[in-house]
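Taken in order, these protein sequences are the chains called S and G.
Going by UniProt numbering, the first sequence runs without a break in its numbering and finishes at 338.
Going by UniProt numbering, the second sequence runs without a break in its numbering and finishes at 338.
The reader is advised that the hints may include incorrect statements.
Given that identical chains are not distinguished, each listed pair holds provided it fits within a single copy or across any two copies.
Cross-link-like lysine-lysine pairs, in silico, DSSO-like; alpha carbons within 30 Å at most [unchecked claim]:
1. Lys-2 <-> Lys-321
2. Lys-18 <-> Lys-204
3. Lys-118 <-> Lys-17
4. Lys-149 <-> Lys-28
5. Lys-147 <-> Lys-323
6. Lys-17 <-> Lys-62
7. Lys-62 <-> Lys-147
8. Lys-18 <-> Lys-323
9. Lys-118 <-> Lys-323
10. Lys-134 <-> Lys-118
11. Lys-261 <-> Lys-237
12. Lys-237 <-> Lys-176
13. Lys-323 <-> Lys-254
14. Lys-261 <-> Lys-18
15. Lys-134 <-> Lys-309
16. Lys-208 <-> Lys-118
17. Lys-28 <-> Lys-147
18. Lys-204 <-> Lys-27
19. Lys-321 <-> Lys-17
20. Lys-2 <-> Lys-134
21. Lys-118 <-> Lys-18
22. Lys-204 <-> Lys-17
23. Lys-323 <-> Lys-28
24. Lys-62 <-> Lys-18
25. Lys-149 <-> Lys-134
26. Lys-28 <-> Lys-62
27. Lys-28 <-> Lys-254
Hints listed in this document are in silico derivations from the structure and should not be mistaken for laboratory results.
There are 2 protein chains.
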Amino acid sequence: MKLSEIGEFGFIERLSKKFTDISTSGKKGIGDDCAILPMDERYDLVVTTDLLVEDIHFLRNKTTSYDLGYKSLAVNLSDIAAMGANPIASFLSIAIPSDLDVEYLDGFIEGYKDLSQKYEVALLGGDTTKSPEKLTINVCVMGKVEKGKARQRSSAQPGDIIAVTGPLGDSGGGLKILLENIHPRDASYDQLLQWHHRPEPAIKEGRKLTSFPGIGAMMDISDGLASDLQYILKASKCEAVIDLSKIPISDELKHVSAEQKWNAVEIAVTAGEDYRLLFSINPSSFEKLASQYNQEFSLPLSPIGHIKKGDNPGKINWTEKGKPINFSGQGFNHFKHQ
Amino acid sequence: MKLSEIGEFGFIERLSKKFTDISTSGKKGIGDDCAILPMDERYDLVVTTDLLVEDIHFLRNKTTSYDLGYKSLAVNLSDIAAMGANPIASFLSIAIPSDLDVEYLDGFIEGYKDLSQKYEVALLGGDTTKSPEKLTINVCVMGKVEKGKARQRSSAQPGDIIAVTGPLGDSGGGLKILLENIHPRDASYDQLLQWHHRPEPAIKEGRKLTSFPGIGAMMDISDGLASDLQYILKASKCEAVIDLSKIPISDELKHVSAEQKWNAVEIAVTAGEDYRLLFSINPSSFEKLASQYNQEFSLPLSPIGHIKKGDNPGKINWTEKGKPINFSGQGFNHFKHQ
Numbered sequence: 001m002k003l004s005e006i007g008e009f010g011f012i013e014r015l016s017k018k019f020t021d022i023s024t025s026g027k028k029g030i031g032d033d034c035a036i037l038p039m040d041e042r043y044d045l046v047v048t049t050d051l052l053v054e055d056i057h058f059l060r061n062k063t064t065s066y067d068l069g070y071k072s073l074a075v076n077l078s079d080i081a082a083m084g085a086n087p088i089a090s091f092l093s094i095a096i097p098s099d100l101d102v103e104y105l106d107g108f109i110e111g112y113k114d115l116s117q118k119y120e121v122a123l124l125g126g127d128t129t130k131s132p133e134k135l136t137i138n139v140c141v142m143g144k145v146e147k148g149k150a151r152q153r154s155s156a157q158p159g160d161i162i163a164v165t166g167p168l169g170d171s172g173g174g175l176k177i178l179l180e181n182i183h184p185r186d187a188s189y190d191q192l193l194q195w196h197h198r199p200e201p202a203i204k205e206g207r208k209l210t211s212f213p214g215i216g217a218m219m220d221i222s223d224g225l226a227s228d229l230q231y232i233l234k235a236s237k238c239e240a241v242i243d244l245s246k247i248p249i250s251d252e253l254k255h256v257s258a259e260q261k262w263n264a265v266e267i268a269v270t271a272g273e274d275y276r277l278l279f280s281i282n283p284s285s286f287e288k289l290a291s292q293y294n295q296e297f298s299l300p301l302s303p304i305g306h307i308k309k310g311d312n313p314g315k316i317n318w319t320e321k322g323k324p325i326n327f328s329g330q331g332f333n334h335f336k337h338q
Numbered sequence: 001m002k003l004s005e006i007g008e009f010g011f012i013e014r015l016s017k018k019f020t021d022i023s024t025s026g027k028k029g030i031g032d033d034c035a036i037l038p039m040d041e042r043y044d045l046v047v048t049t050d051l052l053v054e055d056i057h058f059l060r061n062k063t064t065s066y067d068l069g070y071k072s073l074a075v076n077l078s079d080i081a082a083m084g085a086n087p088i089a090s091f092l093s094i095a096i097p098s099d100l101d102v103e104y105l106d107g108f109i110e111g112y113k114d115l116s117q118k119y120e121v122a123l124l125g126g127d128t129t130k131s132p133e134k135l136t137i138n139v140c141v142m143g144k145v146e147k148g149k150a151r152q153r154s155s156a157q158p159g160d161i162i163a164v165t166g167p168l169g170d171s172g173g174g175l176k177i178l179l180e181n182i183h184p185r186d187a188s189y190d191q192l193l194q195w196h197h198r199p200e201p202a203i204k205e206g207r208k209l210t211s212f213p214g215i216g217a218m219m220d221i222s223d224g225l226a227s228d229l230q231y232i233l234k235a236s237k238c239e240a241v242i243d244l245s246k247i248p249i250s251d252e253l254k255h256v257s258a259e260q261k262w263n264a265v266e267i268a269v270t271a272g273e274d275y276r277l278l279f280s281i282n283p284s285s286f287e288k289l290a291s292q293y294n295q296e297f298s299l300p301l302s303p304i305g306h307i308k309k310g311d312n313p314g315k316i317n318w319t320e321k322g323k324p325i326n327f328s329g330q331g332f333n334h335f336k337h338q
């Protein structure tokens, strides 16, 4: 049997099953953005790791080495943000093809360092080795969060509002510009490319949300809303209703989509790598949070639907201005697409 | 400028320099087997990560998937052992070529799990993705150790005895059997292959050593004695005298070397992946430790030389039965060798 038949998640399921005999002694592992390890009486440690492989996660000729360094760390910081934690340290493993220039690596280090500096994340170690061909990067980041405050995917409740912290689809739009070799016509194109290359991890936003009463489940949108929301729904054993007309879309994506005849809503719902936060919240708390959030971040929180009881845990019931529609949002699965 | 011109350590040096501005707030990072992070009042957390790339670190047709899974974890547990810590959790990232059978991965998981179970290490997360060609594995392991007890490379003192916890060169002998396509003639050959494929991380030995007064620097031998000892000497700013006649060599390596006309001493000094512990200890403490150790592990500790002051930090002065000899032990550098 080939891997493509069981997919990435099939493999992770096989893996998890094998390890059920080994006690985790209060630690929480596979199945969330980060693992959670009790640290001391006040804090929990959260840990995440991401593996980026050339030609699977990035194309060397479609990105600068600075952006690659920046993004390698950003995607991990985003997982830390999704737990409501503060990042404290990173570990960088890198397998380097021997034809790579030192100047290229200097650019990579610069991008990685600039984002480390912004969030005061110390680089505490890693591993460096030769690669036969493909540049391969593994980053592991640790963070800390007040005990019991880390947000998990399993905490959504029927009736909760589902909301996101920013417009969706910008990164997907940027990726389409790259892959379709579209020449950027104006600043909107540049904006989409910018978010694709240098997404901002929502560390401060995650900290705000996790401190607010009534917050349920939380995660970052890395594979695309349609795909990622299902993880929350499966872990929380419920369904969701999502209204496509409420999905926040930036003016830039609307503008470029109009020119390029793209379906902006479809990109916003299915494309990955936006790294906005997706969370559920008790409806009685939402207005107060939205107002505080708006004041602090000058950005609106966008409610896009709600959690509901249902017989098909993981199911998303799509609506358009309140009316049920047929829509199959398909996410990203490394073994099946690409 | 190409990477091969500056080597792996040149790159790590460039990397470390860039990060000197970012505060590590009491944490210790690059330059030891593990990073050290203060955890609570009683314990420090230690963290290590290793990246293994097909055709650089292993050949898919020269190892079983079970052994590959076992060894991917073992090399990291060995770094934890070198700090005198107990492992508590691991994170496994794996990039999988799509031609790989699920059965192969099941074997990998089985080997990884069996060693996890032996040392009660929970698998708390990781990342799974497709690889265009090469199987690539990154493992990150955390451990904990009593506060201030983690052994570092910089703690060797002139006058200290240098010792190792077991025979050297078995793994190197096993590798030669594989690479030279030698058909195993007897159990000695199998023993060398076994240690190459399934080295035992010296967790209990490391725990014993770190608890003993008078222990200075400690590390695991992964690149080879001649290469690894230099890290201790550079970090501790001293030289060493090592007597080749005192290097412990197993009967199995002696026997196979005699048959194959290998230089067993050279293999023992230069070949990597033995994962024995290398440490320095105050001479007044050594006898007592050696006797306790022998009783507990039924294995001798082997003193092989001593630390001395000198103008060339990192220099190893080789002797043979006390007489200076000319010997250039060359270690392993991923960018220059293979």
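Hints, one by one, checked against the model:
In this assembly of identical chains, Lys-2 and Lys-321 lie within 30 Å of each other by CA distance neither inside one copy nor across copies; the values are 43 Å within and 57 Å between. For a Cα distance limit of 30 Å, the shortest separation of Lys-18 from Lys-204 across copies, 25 Å, qualifies, whereas the shortest one inside one copy, 37 Å, does not. In this assembly of identical chains, the alpha carbons of Lys-118 and Lys-17 lie at most 30 Å apart only when taken from different copies (17 Å versus 39 Å within one copy). When the C-alpha separation of Lys-149 and Lys-28 is checked against a cutoff of 30 Å, the pair qualifies both within a copy, at 13 Å, and between copies, at 27 Å.
Within a single copy, Lys-147 and Lys-323 get their C-alpha atoms no closer than 42 Å, and across copies no closer than 61 Å, so neither meets the 30 Å cut-off. Proximity of Lys-17 and Lys-62 under a CA criterion of 30 Å is satisfied inter-copy only: 28 Å between copies versus 39 Å inside one chain copy. Taking the shortest Cα distances, Lys-62 and Lys-147 never come within 30 Å of each other, neither inside one copy (41 Å) nor across copies (47 Å). Proximity of Lys-18 and Lys-323 under a CA criterion of 30 Å is satisfied in neither setting, with 44 Å inside one chain copy and 55 Å between copies.
Taking the closest pair of Cα atoms, Lys-118 and Lys-323 never come within 30 Å of each other, the shortest separation being 44 Å inside a single copy and 56 Å across copies. Proximity of Lys-134 to Lys-118 under the C-alpha cut-off of 30 Å is restricted to the intra-copy arrangement: shortest distance 29 Å within a copy versus 34 Å between copies. Taking the shortest Cα distances, Lys-261 and Lys-237 never come within 30 Å of each other, neither inside one copy (38 Å) nor across copies (66 Å). Taking the shortest Cα distances, Lys-237 and Lys-176 never come within 30 Å of each other, neither inside one copy (34 Å) nor across copies (54 Å).
Taking the shortest alpha-carbon separations for Lys-323 and Lys-254, only the intra-copy value of 23 Å comes in at or below 30 Å, while the best inter-copy value is 80 Å. For the identical chains of this complex, Lys-261 and Lys-18 are neighbours neither inside a copy (48 Å) nor across copies (44 Å), given an alpha-carbon limit of 30 Å. In this homomeric assembly, Lys-134 and Lys-309 never come within 30 Å of each other (Cα to Cα): the closest approach is 46 Å inside a single copy and 44 Å across copies. Proximity of Lys-208 and Lys-118 under a CA criterion of 30 Å is satisfied intra-copy only: 18 Å inside one chain copy versus 41 Å between copies.
Both within a single protomer and between protomers do Lys-28 and Lys-147 lie at most 30 Å apart by alpha-carbon distance, with minima of 13 Å and 24 Å respectively. Both within a single protomer and between protomers do Lys-204 and Lys-27 lie at most 30 Å apart by alpha-carbon distance, with minima of 25 Å and 23 Å respectively. In this assembly of identical chains, Lys-321 and Lys-17 lie within 30 Å of each other by CA distance neither inside one copy nor across copies; the values are 42 Å within and 55 Å between. In the homo-oligomer, the alpha carbons of Lys-2 and Lys-134 lie at most 30 Å apart both inside one protomer (22 Å) and across protomers (16 Å), since each shortest distance falls under that limit.
Taking identical chains as interchangeable, the C-alpha atoms of Lys-118 and Lys-18 lie at most 30 Å apart only when they sit on different chains, with a minimum of 14 Å there against 40 Å within one chain. For a Cα distance limit of 30 Å, the shortest separation of Lys-204 from Lys-17 across copies, 28 Å, qualifies, whereas the shortest one inside one copy, 35 Å, does not. Neither within a single protomer nor between protomers do Lys-323 and Lys-28 lie at most 30 Å apart by alpha-carbon distance, with minima of 39 Å and 57 Å respectively. Taking the closest pair of Cα atoms, Lys-62 and Lys-18 come within 30 Å of each other only across two copies (25 Å); inside a single copy the shortest separation is 39 Å, beyond that limit.
In the homo-oligomer, the alpha carbons of Lys-149 and Lys-134 never lie at most 30 Å apart, since the shortest distance is 39 Å inside one protomer and 39 Å across protomers. Taking the closest pair of Cα atoms, Lys-28 and Lys-62 never come within 30 Å of each other, the shortest separation being 37 Å inside a single copy and 36 Å across copies. Proximity of Lys-28 to Lys-254 under the C-alpha cut-off of 30 Å is found in neither arrangement, the shortest distances being 40 Å within a copy and 48 Å between copies.
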